[in-house]
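So the protein sequences, as listed, match chains B and F.
The first sequence begins at 37 in my numbering and counts up one residue at a time.
The second sequence begins at 860 in my numbering and counts up one residue at a time.
Note that these hints are calculated values from the structure, not bench results.
Simulated coverage check for chain F against chain B, where a stretch passes if three residues somewhere in it have a Cβ under 8 Å from a Cβ of chain B: (1) 881-894; (2) 900-908; (3) 992-1006.
Here are the simulated lysine to aspartate or glutamate pairs, DMTMM-like style, with alpha carbons at most 25 Å apart: (4) F:1043 to B:212; (5) F:1013 to B:129; (6) F:1013 to F:1049; (7) F:916 to B:124; (8) F:1014 to B:212; (9) F:916 to B:198; (10) F:1001 to B:198; (11) F:1013 to B:198; (12) F:1013 to B:124; (13) F:1001 to B:129; (14) F:1014 to B:124; (15) F:1018 to B:129; (16) F:1013 to F:915; (17) F:1001 to B:212; (18) F:1018 to B:198; (19) F:1014 to B:198; (20) F:916 to B:129.
If the Cβ cut is set under 8 Å, some of the chain F residues that face chain B in the computed set are: (21) 897; (22) 911; (23) 1016.
The model shown is predicted, which means the values in this text are computed figures rather than measured ones.
C-beta: ideal position from N, C-alpha, C; glycine also.
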Amino acid sequence: MSTFREITHNGLWKQNSILAQVLGLCPTLAVTSTFTNSVSLGLATAVVMALSNLSVSALRAFIPYEIRIPVFILVIASLVTIVDLAFDAWLHDLYLILGIFIPLIVTNCIVLARVEAFAAKNPVWHSAWDGFMTGFGLTCVLAVLGAAREFIGQGTLFSGIDLIIPGTHVIQVLPENYGFLIAILPPGAFIMLGMLIAVRNWIDARARARQPQVPMPQVQPA
Amino acid sequence: MSQEPIHPAAPPPASILRISTRTAFILALFCIAFTAIMAATYQATKPALEASARMEKLALINAVIPRDAYDNELLQDAITLPPVPALGLTEPTLLYRARKDGAPVALVFEAAAPDGYSGRIGLLLAVKTDGTLAAVRVTEHKETPGLGDYIDPKKDRNKAHPWISQFNDVGFAQIPAEDFKVRKDGGRIDQMAGATISPRAVTNATRRALEWVQPRTQTLFGLSDNATYQEARP
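Construct the complete structure from the given sequences, taking the supplied hints into account.
In structure tokens form, the structure reads like this:
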């Protein structure tokens, strides 16, 4: 059984859902046009993943093996609906921006992947932590992607932050009339994501080159 | 022939019918339980959802007409507009009538520009009784982010004087109908270099809406609440 430390390391780095597993690209490419949008959707996904892992792990003794997938989907879809309603009710401005991407958390395969690979076999709190950490790893990547695209594309930091924290303001770094369209459009997300994956592989390769005698730990299949 | 074990957690071998019935029953239980949870959440969030929809509508209306310019229940003082081609509308919409001390102040209604760069641009206009616009706001659009989307003041980099504020307090008395075009088309409405299609669509739709509403202002104010406006036959 994995420890909380291992789970954290797996979620944030070793099995990072975007950089290592490259799962759930639809929201990754579509909403990462600003830092605020990215972090909001990332955290919403992390919450759904923590709750779905928690519920499935708690109910796993009652779920017959043959119908586990429909039950998992049912659990995930219900939780996403709840998050969707909560966003609409209490963070309405943000809801208008994230729009269809909240319901789409259902189809983010990383959610079902963690439920099936981890929560169906592990204790409740480990599962909840695994869900949250995988989601948080996703949030970190989305945040970097969003911040980079926003800065390169429109020269601002934290645009739209006032929708979440009233009274705060966007920071205009580059001149007002600055704009670099491709970074805002989806191709910019592709290019930036490729660079991030390259950086991650480079860091791993360097770490491996430094300690050639230590065997690589077994990667747990997702 | 040895059969593969179904699963460690599965019950001891039983008839297929019993297994299926049991599994179906469990699945049904899960469905009922989670539907109940969702229904409870919906009931709990319903008041907040309705309030935010109402707030959103009022916030948009407040953007085109100041709250202190009228004193009637604006959302109640509405009439239904049929899909008027001159306004670019394809389905019935509501027209709100702002009054102060009973006297007509302005009409608040929707219009649409069908010829945006990426499709329809929805507009909300407030036209005062003297024929000048109080203001215009874009309610929905799909214009290119960072290029044509400055028609929406939320996306306009110029926060002090957003592009759309040019229409504030302007009517055909200030800018004659033939000059009510973007500069690129020889008119007097400024646009930003490089992105002309979106402001042109908004400007032309605004002009058409003004032309449509001016001769009809008295009629529209005269209709009773919740009535449906009928275009007079020529």
